[in-house]
Amino acid sequence: MHIHRLEKIWIGFGLAMLLIFLLLTGVAAFAMGISPPSSSSHENMHHGKVDPTKLQTTAPFDKPGLKQIGDNEYEAVLIAYAFGYNPDTIDIPHGAKVHFIVTSSDVVHGFEIPGTNVNFMAEPGEVTELTHTFDKAGQFLVLCNEYCGTGHEMMKMTINVK
Amino acid sequence: MISTSSITAGKPFHENDGQLVLAHVLFAFAALLLGGIAGLLQAMVRGGTITLPHGIGYYQLLTAHGVLMALIFTTYFIIGFLYGGVAKTTGRLLPTTLALGWTGFLLMSMGTAVGTVFILLNKATVLYTFYAPMKASPYFYVALALVVVGSWLSGYGIFYQYNYWRKTHPGERSPLFSFMSVVTMLLWQVATLGVAAEVLIQLIPWSFGWVDTINVLLSRTLFWYFGHPLVYFWLLPAYICWYVVIPKVIGGRIYSDALARLSFLLLFVFSIPVGFHHQLMEPGISQFWKFLQVALTLMVVVPSLMTAFSLFATFELAGRAKGVRGVFGWLKVLPWNDVRFFAPFMGMLIFIPAGAGGVINASYQLDEVVHNTLWITGHFHLTVATSVALTFFGIAYWLIPAVTNRRLTPRLNKLGLWQTWIWVIGMFFMSGSMHTVGLLGAPRRTAYTTYGDNAQASGWIPYEVVMAIGGMILFVGVLLMIYNIYALLQAPAGYEEFPIGEELDGAEPTPKLFERWGVWLGISVVLIFVAYTIPVVEMIQTGVGSPGYKTW
Amino acid sequence: MTDTFTSSRTRSAAGNQPASAAENQSASRPGDKTAETKEPSLKGTFIAVMLLGGFIIASWVLVLALFLSRN
Ligand code: HEM
Ligand SMILES: [Cu+2]
Ligand SMILES: [Cu+2]
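Protein chains in written order, with our numbering: chain A, 1 to 162; chain B, 1 to 552; chain C, 1 to 71.
So here's chain A without its partners, still in its complex pose (with noise of 0.2 Å):
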């Protein structure tokens, strides 16, 4: 089968052009530790997973809330429902380091703030992780931006950081 000379040109262009992708993201996950969210690996999971009917008695989301574990580092436990989080508020020192651990007691979410990259789904027997530092100050809306019924348009939570 015969390809023009330019299209050749042009294809090997193209799969250049996505490998370049492929590998600027590929090294900003697996290098750098710049990755989307995924499951939680927090000591209490198994598997980053929950029984969504048995939050209340389940660790850590018996007790959602802020959480310091480090040096300015903290865990934000948080359960999404329809139509709110648990809290619906946390205050966040300046440039902390937070890891989001959160999961839902009913149909999926979002988690989303935005103005950052912060922005996952949280769903029922699945638990998400993602890690964000807080580099600027003032206050943060976070919105669900999943459709999870008729309230859903309402559905947010606040985050401080002082």
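Honestly, the hints are just simulated from the structure, not real lab data.
Incorrect hints may appear among the rest.
[Said to hold, decoys possible] The list that follows gives simulated cross-link-like pairs (lysine-lysine, PhoX-like), each with its CA atoms no further than 25 Å apart: (1) B:332 to B:322; (2) A:67 to A:136; (3) A:156 to A:67; (4) B:248 to B:414; (5) C:43 to B:332; (6) B:248 to B:322; (7) C:43 to A:8; (8) A:97 to A:162; (9) A:156 to B:550; (10) A:67 to A:54; (11) A:156 to A:54; (12) A:136 to A:97; (13) B:11 to B:248; (14) A:8 to B:512; (15) A:156 to A:63; (16) A:63 to A:49; (17) C:43 to B:248; (18) A:54 to B:550; (19) A:97 to A:156; (20) A:67 to A:49; (21) B:550 to A:49; (22) B:322 to C:43.
[Said to hold, decoys possible] Stretch-level coverage of chain A by chain B, calculated; a stretch enters the list once three of its residues show a Cβ under 8 Å from a Cβ in chain B: (23) 26-35; (24) 48-59; (25) 101-108; (26) 119-128; (27) 132-145; (28) 148-159.
Just so you know, these numbers come straight off a predicted model, no measurement behind them.
No residue lacks a Cβ here, since even glycine has one placed at the ideal position from N, Cα and C.
With chain A's structure known, arrange chains B and C with the ligands on it following the hints.
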């Protein structure tokens, strides 16, 4: 060449075949009208222009819009178009083909009717992706199953006709249109296995109460195993128009039959094992498997890059054959005033930003910027609601007269050019503002809200107002399109060409390998197993069941 | 019904003629070793697709920049 095409010129399209095509196409446009009304209302609600009367919810409308547009309009039009082209290129439809086509039509229509009723009754406000553990009425899932099974039968009809043609034409290369139809339907068969498994094994038993809980992650994975090839099921018929129909309309030739077939086979092989790129932001799937599917996703870009080259080459060579010079001289001799060319051409042009957006969405971490924001909604209003939809509109202008033995009048051609401009302008505003406000963080699938006068969220409203203006322009486009369809049905009797391009003289022969279906199906199955087996087994073994909820 | 079959055959033979004609033509020039030198000029096509490639890269880099500025 002129002599070969004049053999068929003037020959009427057989009535039985024409009716099957027409039934599908008209059903599709009825869905477009209903979906368009919902779309208009959604855009206006989001822009804060109107509040819905009590009893109708935003998410109910959104469910109707998604189902009618993404599932019904597309599937019906595609089946109608493919049957038309298969009849044109392989000969009249065989009795068995017709029987399969009509049975498929009936099953799908029953499914659509039942599904729509349950959406209107507010018993299935789960959007067109019906994510568990939101639990709709079981009859909604049964309705979806009917649509899928019906579409399978329609696919079998095309396979049957193609096989018959090959048996009666030993050693010959199949017509390109029919080959591409078979690839499209084969993709559909393999892809729908995922959603069929989700609906039949998980959702139906659970929604009837025969089992208590559902494995949420598994259901999402099965859905997206289907969900990505779904978008290629929409796109491939548009590519058929671009590869096979457009060369004839512009008075040119198909650039390369072999490359066209190759790109279809690559799309078939690479478009299925990539569903995780819709699940990059969720737990339960390890980084390795996500990234592997990201790599496969970027591979599926390659056949589209080939397509871009072939299309430009067709244009350039057609221009050169007409004697034009200069690097871009060929642009001037394209038939800009012919809606059969212009509407699909605008679809192709818009596929450039649409495709660029798709590469961004699939780029792993970059998805954090756009995931579940209005950027995504803006993206697929370019891909499916413009590139694909405008191509389908462009097809309708000749397909309807061709199968009803009428002709496209100059007046309708002109209305078609207007319709195309209205659509493009409306989409520029609607999709443009969706993209922009999405980058700022505005979520998709969300009714009007400022999150309690939050300053940031209030800043998104002006963009959503522009979105609503674009939506209104688009709705005018829907109405004009519906009028055009009506007028096409009243057009004067006569003959309208079913444009099927011919290959360039002296093009290379097409490798026989391209029609060894076992090989391509085999590669596809291997890739699917590589990409999915381990993560899915893990999901089944470790998954925790969730009860169902009705949160609307 | 029998006439459905016969007419479908004649129809399809006519429909397929152009494609098989093209095949025969290329087959009558076995090997076609000169194809490389006889390639048509596709300069305009090449420039067009490279612009397309440039557009993809530019948009990708734009969103990457947004991502980095928010990280
Ligand atoms: C009159 C023309 C149209 C208008 C005004 C319109 C408007 C909209 C709006 C405002 C949304 C919802 C935004 C959100 O809250 O997330 C939406 C969603 C959607 N539209 Fe359209 N649209 C139109 C045509 C189409 C067409 C032709 C298609 C496909 C063929 C389409 C497919 C979709 C899909 C799949 C969704 C997503 C539904 C979901 O998120 O569940 N739209 N449209
Ligand atoms: Cu929500
Ligand atoms: Cu996809």
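Now the hints, each set against the structure:
Of the supplied pair hints, the one linking residue 332 (chain B) and residue 322 (chain B) holds, its CA atoms being roughly 11 Å apart against a limit of 25 Å. Between residue 67 (chain A) and residue 136 (chain A) the CA atoms are separated by roughly 20 Å; this keeps the pair inside 25 Å, and the hint holds. Of the pairs offered as hints, the one joining residue 156 (chain A) and residue 67 (chain A) holds, with about 21 Å between alpha carbons and a cut-off of 25 Å not exceeded. For the hint pairing residue 248 (chain B) with residue 414 (chain B), the CA-to-CA distance comes to about 20 Å; that is within 25 Å, so the pair holds.
Distance restraint check for residue 43 (chain C) and residue 332 (chain B): the Cα-Cα separation of roughly 16 Å lies within the 25 Å cut-off, and the hinted pair is therefore satisfied. For a cut-off of 25 Å, the pair hint linking residue 248 (chain B) to residue 322 (chain B) stands: about 14 Å separates their Cα positions. With a C-alpha separation of about 13 Å, the suggested pairing of residue 43 (chain C) with residue 8 (chain A) holds against the 25 Å cut-off. Between the alpha carbons of residue 97 (chain A) and residue 162 (chain A) the distance comes to roughly 13 Å, so the proposed pair stays at or under 25 Å and holds.
Between the alpha carbons of residue 156 (chain A) and residue 550 (chain B) the distance comes to roughly 20 Å, so the proposed pair stays at or under 25 Å and holds. Note on residue 67 (chain A) and residue 54 (chain A): the hinted pairing holds, with a Cα-Cα distance of about 21 Å set against a maximum of 25 Å. A threshold of 25 Å between alpha carbons decides the hint, and for residue 156 (chain A) with residue 54 (chain A) the separation of about 23 Å falls inside it, so the pair holds. Restraint check: the Cα-Cα separation between residue 136 (chain A) and residue 97 (chain A) comes to about 12 Å, which is no more than 25 Å; the hinted pair holds.
A hinted pair counts as satisfied when its Cα atoms are at most 25 Å apart, and residue 11 (chain B) with residue 248 (chain B) qualifies at roughly 18 Å. This hinted pair checks out: residue 8 (chain A) and residue 512 (chain B) have alpha carbons roughly 22 Å apart, not beyond 25 Å. For the suggested pair residue 156 (chain A) and residue 63 (chain A), the alpha carbons sit about 20 Å apart, so the restraint of at most 25 Å is met. Restraint check for residue 63 (chain A) and residue 49 (chain A): the C-alpha separation of about 17 Å stays at or below 25 Å, so the hint holds.
A C-alpha spacing of about 22 Å is found between residue 43 (chain C) and residue 248 (chain B), which places the hinted pair at or below 25 Å, so the restraint holds. As the CA atoms of residue 54 (chain A) and residue 550 (chain B) are separated by approximately 19 Å, the hinted pair is consistent with the 25 Å bound. With a CA separation close to 21 Å, the supplied pair residue 97 (chain A) and residue 156 (chain A) stays within the 25 Å bound. The suggested pairing of residue 67 (chain A) with residue 49 (chain A) holds, with an alpha-carbon distance near 20 Å, which does not exceed 25 Å.
Note on residue 550 (chain B) and residue 49 (chain A): the hinted pairing holds, with a Cα-Cα distance of about 23 Å set against a maximum of 25 Å. Distance check on the hinted pair: residue 322 (chain B) and residue 43 (chain C) sit about 17 Å apart at the alpha-carbon level, within 25 Å; holds. As drawn, the stretch 26-35 of chain A meets chain B at 6 residues by the rule of a beta-carbon pair under 8 Å; at three or more, the given contact holds. As drawn, the stretch 48-59 of chain A meets chain B at 6 residues by the rule of a beta-carbon pair under 8 Å; at three or more, the given contact holds.
Only when three residues or more bring their CB closer than 8 Å to a CB of chain B does the claim for the stretch 101-108 of chain A stand; here the count is 3, and the claim holds. Closer than 8 Å: that is the beta-carbon criterion, and the stretch 119-128 of chain A has 9 residues meeting it against chain B, so the requirement of 3 holds. By the rule of at least three residues with a Cβ nearer than 8 Å to a Cβ of chain B, the coverage given for the stretch 132-145 of chain A holds, with 4 such residues. For the stretch 148-159 of chain A, the proposed coverage by chain B is satisfied: 8 residues have a C-beta within less than 8 Å of a C-beta in that chain, meeting the threshold of three.
This entry satisfies every hint, going by the numbered hints stated previously.
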